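Colleague: These are the residues of each chain, in order.
Number of protein chains: 2
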Amino acid sequence: MTDGRHHSEDEPFVEVAETVSVEDEHVADLMSHTIDILALATAVTKQKAADAADTLEDLPDDEAAEVIELMEDQSAADALAEMEVPLAVTIIEDLSEDSRTKYASTLLALLAPDDAVSIIRGLDVEYIEPLFVSMPVGYARKLRQLCDYKEESAAGIMTTDFVSLFKEMTITEVVEVLREKELPEHVQDLPVIDKSDKLVGVVSLRALLIGLSEATVSEIMEHKVAAVHSDTDREQVAREFDRYGYEMLPVVDASDRLLGIITVDDVIDIIEEEQTEDVQKTVGAGAGEAVYSGVGEKLKGRMPWLLVSAVMMLPATYVVLGFESMIKEFALLAVFMPLIAALAGNAGHQALAVTLRGIVLDEVRPDRIFPLIRRELVVGLVTGTAIGSIVALLLWLFGNGALETRLGLIFACAMIVSMGISTLTGAAIPLVMKRIGADPAQASAIFLIMITDAVAFSTLLGFAWLTLQWMQGI
Amino acid sequence: MTDGRHHSEDEPFVEVAETVSVEDEHVADLMSHTIDILALATAVTKQKAADAADTLEDLPDDEAAEVIELMEDQSAADALAEMEVPLAVTIIEDLSEDSRTKYASTLLALLAPDDAVSIIRGLDVEYIEPLFVSMPVGYARKLRQLCDYKEESAAGIMTTDFVSLFKEMTITEVVEVLREKELPEHVQDLPVIDKSDKLVGVVSLRALLIGLSEATVSEIMEHKVAAVHSDTDREQVAREFDRYGYEMLPVVDASDRLLGIITVDDVIDIIEEEQTEDVQKTVGAGAGEAVYSGVGEKLKGRMPWLLVSAVMMLPATYVVLGFESMIKEFALLAVFMPLIAALAGNAGHQALAVTLRGIVLDEVRPDRIFPLIRRELVVGLVTGTAIGSIVALLLWLFGNGALETRLGLIFACAMIVSMGISTLTGAAIPLVMKRIGADPAQASAIFLIMITDAVAFSTLLGFAWLTLQWMQGI
Numbered sequence: 199m200t201d202g203r204h205h206s207e208d209e210p211f212v213e214v215a216e217t218v219s220v221e222d223e224h225v226a227d228l229m230s231h232t233i234d235i236l237a238l239a240t241a242v243t244k245q246k247a248a249d250a251a252d253t254l255e256d257l258p259d260d261e262a263a264e265v266i267e268l269m270e271d272q273s274a275a276d277a278l279a280e281m282e283v284p285l286a287v288t289i290i291e292d293l294s295e296d297s298r299t300k301y302a303s304t305l306l307a308l309l310a311p312d313d314a315v316s317i318i319r320g321l322d323v324e325y326i327e328p329l330f331v332s333m334p335v336g337y338a339r340k341l342r343q344l345c346d347y348k349e350e351s352a353a354g355i356m357t358t359d360f361v362s363l364f365k366e367m368t369i370t371e372v373v374e375v376l377r378e379k380e381l382p383e384h385v386q387d388l389p390v391i392d393k394s395d396k397l398v399g400v401v402s403l404r405a406l407l408i409g410l411s412e413a414t415v416s417e418i419m420e421h422k423v424a425a426v427h428s429d430t431d432r433e434q435v436a437r438e439f440d441r442y443g444y445e446m447l448p449v450v451d452a453s454d455r456l457l458g459i460i461t462v463d464d465v466i467d468i469i470e471e472e473q474t475e476d477v478q479k480t481v482g483a484g485a486g487e488a489v490y491s492g493v494g495e496k497l498k499g500r501m502p503w504l505l506v507s508a509v510m511m512l513p514a515t516y517v518v519l520g521f522e523s524m525i526k527e528f529a530l531l532a533v534f535m536p537l538i539a540a541l542a543g544n545a546g547h548q549a550l551a552v553t554l555r556g557i558v559l560d561e562v563r564p565d566r567i568f569p570l571i572r573r574e575l576v577v578g579l580v581t582g583t584a585i586g587s588i589v590a591l592l593l594w595l596f597g598n599g600a601l602e603t604r605l606g607l608i609f610a611c612a613m614i615v616s617m618g619i620s621t622l623t624g625a626a627i628p629l630v631m632k633r634i635g636a637d638p639a640q641a642s643a644i645f646l647i648m649i650t651d652a653v654a655f656s657t658l659l660g661f662a663w664l665t666l667q668w669m670q671g672i
Numbered sequence: 199m200t201d202g203r204h205h206s207e208d209e210p211f212v213e214v215a216e217t218v219s220v221e222d223e224h225v226a227d228l229m230s231h232t233i234d235i236l237a238l239a240t241a242v243t244k245q246k247a248a249d250a251a252d253t254l255e256d257l258p259d260d261e262a263a264e265v266i267e268l269m270e271d272q273s274a275a276d277a278l279a280e281m282e283v284p285l286a287v288t289i290i291e292d293l294s295e296d297s298r299t300k301y302a303s304t305l306l307a308l309l310a311p312d313d314a315v316s317i318i319r320g321l322d323v324e325y326i327e328p329l330f331v332s333m334p335v336g337y338a339r340k341l342r343q344l345c346d347y348k349e350e351s352a353a354g355i356m357t358t359d360f361v362s363l364f365k366e367m368t369i370t371e372v373v374e375v376l377r378e379k380e381l382p383e384h385v386q387d388l389p390v391i392d393k394s395d396k397l398v399g400v401v402s403l404r405a406l407l408i409g410l411s412e413a414t415v416s417e418i419m420e421h422k423v424a425a426v427h428s429d430t431d432r433e434q435v436a437r438e439f440d441r442y443g444y445e446m447l448p449v450v451d452a453s454d455r456l457l458g459i460i461t462v463d464d465v466i467d468i469i470e471e472e473q474t475e476d477v478q479k480t481v482g483a484g485a486g487e488a489v490y491s492g493v494g495e496k497l498k499g500r501m502p503w504l505l506v507s508a509v510m511m512l513p514a515t516y517v518v519l520g521f522e523s524m525i526k527e528f529a530l531l532a533v534f535m536p537l538i539a540a541l542a543g544n545a546g547h548q549a550l551a552v553t554l555r556g557i558v559l560d561e562v563r564p565d566r567i568f569p570l571i572r573r574e575l576v577v578g579l580v581t582g583t584a585i586g587s588i589v590a591l592l593l594w595l596f597g598n599g600a601l602e603t604r605l606g607l608i609f610a611c612a613m614i615v616s617m618g619i620s621t622l623t624g625a626a627i628p629l630v631m632k633r634i635g636a637d638p639a640q641a642s643a644i645f646l647i648m649i650t651d652a653v654a655f656s657t658l659l660g661f662a663w664l665t666l667q668w669m670q671g672i
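Sequence lines, in order, name chains C and V. Heads up: the first sequence is residues 199 to 672, going by our numbering. Heads up: the second sequence is residues 199 to 672, going by our numbering.
Since the hints were made in silico from the structure, they are not lab data. Keep in mind that the hints are not guaranteed to be accurate.
Pairs count within a copy or across copies, as identical chains cannot be separated in the list.
[What the hints assert, rightly or not] Subject to a maximum C-alpha distance of 30 Å in a straight line, what follows is the list of computed DSS-like cross-link-like pairs (lysine-lysine):
1. Lys-396 <-> Lys-498
2. Lys-365 <-> Lys-393
3. Lys-379 <-> Lys-246
4. Lys-422 <-> Lys-498
5. Lys-348 <-> Lys-498
6. Lys-526 <-> Lys-348
7. Lys-526 <-> Lys-244
8. Lys-422 <-> Lys-244
9. Lys-422 <-> Lys-365
10. Lys-498 <-> Lys-393
11. Lys-422 <-> Lys-379
12. Lys-300 <-> Lys-379
13. Lys-422 <-> Lys-246
14. Lys-632 <-> Lys-498
15. Lys-244 <-> Lys-396
16. Lys-632 <-> Lys-379
17. Lys-246 <-> Lys-632
18. Lys-379 <-> Lys-396
All figures in this text were calculated on a predicted structure; none of them were measured in a lab.
Bound conformation, chain C alone (with noise of 0.2 Å):
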């Protein structure tokens, strides 16, 4: 609603999700005109938690603590677990060099326990301590037990802050609880245990809400629930959530005693991420670098993966090396080298793309591997013929005699054998790494271009080399 238009409380307002709200554009003001922090600040309490977050990301570091030391505290703490967790760092950082240890505290005791303990894990050691004991003794074991399970694992993204019911409860009983005790967000079924705080079913509300108000919840609940174990990875969490649809999981120890919960919001986080680290890994890029990591971590993730790389241009380095002498008399051979190499490597990161796309989306069959490959082997024939003759075309058209229309047409049929090898291999390769138990998208971009390289090299030098008598003919 870009109208202007303002709103009394308890009129009905349908805020459309892409308009910029009045609330934002405020703040868009303020910060284009005065360094009023205050003003900035009462402005920023304001906005949405995202949109916050997005403001104060926006400012430099230290004003960005200043800010957030203006903000009314649950906003600010709302802002702060929307923020990239780096800058998150920094602020309660800024604030505990600051002696106001205390505030940080109060903060992140505001957070949800699983948003607290993921800015905990970034901070400097010596600004832990010192923010444990500021804060309440419970709440300050309850972080510390969570920053003790694995980051990856079930547990390392679970949240304590919810609420569970005991099975003798009555519905009357229930609502007492809900009515004193804040239900996070995302939750509409709620876990169930026995005394010894065993899981033993859930609860949706809509059966709460139906129920008759004498029923226990034993009687109203599902018996049978889907959980995960603390120490399961994190990602096979995501894809059960993706697969079956789960809104929550409960999570549990070896004796099936409650933990904690995970929320489907924390699960599209995790799918983000998850995925984009795969983009990554195919190229060697660490899957745990971001954009903003230091050129330490990102040499340590990247390098490694640089010299295999180097390794693995081997055969490709070697090919053209046997055929030295030649390239000697034709170096127009030389030329046509690096067209045939991207153009074949281009072919088969496509195919590798769209496969590895399928193994992600769970989309390919066991039973219908060999279509797969013919059709990636067909494409690849088919945009090699299309694409050799053109070029063989041109040469025939504009070059300056006899050689040039040999070599187009040696280069015609060195393309078409090395995109429809390039194209199978780039289908074949993430199919492998998955039958053998591997990542399907570690360094497959490299293992691809050692052999599309080396087979574009070979099919064009082998090809001339065939002809070479032809060639020398003229």
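Got chain C sorted already, so can you dock chain V onto it with the hints?
Modeller: Same frame as chain C, but now just chain V:
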């Protein structure tokens, strides 16, 4: 639980996610040594919908259709909803061909309307009308209407199978309604409308549960509602869900009338699809291409970009052509060309992947683009120096004389420059594309290779040319 314990319906049973269920084992067992379709159908009926869909996908298409026919209607429909759309389409078409149109339309009518529509969109035109005719008139009209919306819009993914409340209802009345109507999964917030179907609020199940039974919906509802317009792009819808952590968004028309709702589980699929599309786009495979798309469709998506890629190789080819006579003299240069091009290309790809990821995860802050670019440049220079030195050292140690040593030095210098420029380019391309309003992913890998190849060849051959007298002086 693989210990073989069996649980009666009312005994608590926690099923931890990663184990294979008794039902799945039974199906695997049946599939391995019998072709008793009836037994299989009975067993598949007992599986979870997503697992049943998997089982059916593993069968030949005609057998899958036979099994579906013998399954309980609701289980068959649930499996159909979970299945790859092309297979579901094939099954409905098979049923229609066997004059089982009535059964096919029964299955479609049991699906959530959004799932039914995505199958209908895939059907051959001849099958659609007969299916609509054998459906209840009201339901057919609803589906027809949904089919009219654009597939990529909010309306194309919304479901019309939801419960809405009138704002004048009391909680007691709402409970009556909910006792009669099944709530769709994943719904904890119910949209509230007025007499003219206009969306005026949402009310959560929790608010209904803890509210007093004589309160009216408008007293306990949220008046400020986020919603999307029916023609909003579905990618935009997915972004809204991810950003603000919505569980459900109502879809409204231009006059704020409620048309349907979008739930978070549909959005997870969209996020997955859109992200994997991005990878395909970088190498110029069609965004919509699936692993089992036909050869024609694959060619249509890829061929144009391969042609673009051929044209884009002209600068690199031109560079090499310019140095033809020098290559005749030092054919060893042609041996190093693929090595430097592949390494520069790979380093550039790493920078590209990391930057694209940063953009997708919304981490690239406009005021911090310069540090990002600088960091990538440093990474390129460092890796170039390292790998260049190693190659130069190896050539000095194992080469056949002064020529190899000098070529090694030239190679090392060329490597440093071209790796630096490549990482810089890899980071810059998606940023520039984004700045000019283009899709940062589209064909970015193709642009990248054009630049890295041209740079790699120019620097290698350029440095060799500058030191020509030194090399000839051996």
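Colleague: Each hint: holds or not?
Modeller: Hint by hint, here is what the structure shows:
In this homomeric assembly, Lys-396 and Lys-498 never come within 30 Å of each other (Cα to Cα): the closest approach is 44 Å inside a single copy and 57 Å across copies. Within a single copy, Lys-365 and Lys-393 get their C-alpha atoms as close as 9 Å, which meets the 30 Å cut-off; across copies the closest is 41 Å, which misses it. For the identical chains of this complex, Lys-379 and Lys-246 are intra-copy neighbours only, at 23 Å inside a copy versus 34 Å across copies, given an alpha-carbon limit of 30 Å. Within a single copy, Lys-422 and Lys-498 get their C-alpha atoms no closer than 46 Å, and across copies no closer than 49 Å, so neither meets the 30 Å cut-off.
With identical chains, the CA atoms of Lys-348 and Lys-498 are at most 30 Å apart within one copy only, with a shortest distance of 22 Å there and 46 Å across copies. In this assembly of identical chains, Lys-526 and Lys-348 lie within 30 Å of each other by CA distance neither inside one copy nor across copies; the values are 59 Å within and 60 Å between. When the C-alpha separation of Lys-526 and Lys-244 is checked against a cutoff of 30 Å, the pair qualifies neither within a copy, at 73 Å, nor between copies, at 71 Å. For the identical chains of this complex, Lys-422 and Lys-244 are inter-copy neighbours only, at 14 Å across copies versus 43 Å inside a copy, given an alpha-carbon limit of 30 Å.
With identical chains, the CA atoms of Lys-422 and Lys-365 are at most 30 Å apart within one copy only, with a shortest distance of 14 Å there and 36 Å across copies. Taking the shortest Cα distances, Lys-498 and Lys-393 never come within 30 Å of each other, neither inside one copy (50 Å) nor across copies (63 Å). In this assembly of identical chains, Lys-422 and Lys-379 lie within 30 Å of each other by CA distance both inside one copy and across copies; the values are 26 Å within and 23 Å between. In this homomeric assembly, Lys-300 and Lys-379 come within 30 Å of each other (Cα to Cα) only inside a single copy, at 25 Å, whereas the closest approach across copies is 51 Å.
In this homomeric assembly, Lys-422 and Lys-246 come within 30 Å of each other (Cα to Cα) only across copies, at 12 Å, whereas the closest approach inside a single copy is 38 Å. With identical chains, the CA atoms of Lys-632 and Lys-498 are at most 30 Å apart both within one copy (26 Å) and between copies (28 Å). For the identical chains of this complex, Lys-244 and Lys-396 are inter-copy neighbours only, at 27 Å across copies versus 42 Å inside a copy, given an alpha-carbon limit of 30 Å. Within a single copy, Lys-632 and Lys-379 get their C-alpha atoms no closer than 47 Å, and across copies no closer than 45 Å, so neither meets the 30 Å cut-off.
Taking the shortest alpha-carbon separations for Lys-246 and Lys-632, only the inter-copy value of 25 Å comes in at or below 30 Å, while the best intra-copy value is 43 Å. For a Cα distance limit of 30 Å, the shortest separation of Lys-379 from Lys-396 inside one copy, 21 Å, qualifies, whereas the shortest one across copies, 33 Å, does not.
Hints 1, 4, 6, 7, 10 and 16 from the list above are not met by this structure, while the remaining hints are.
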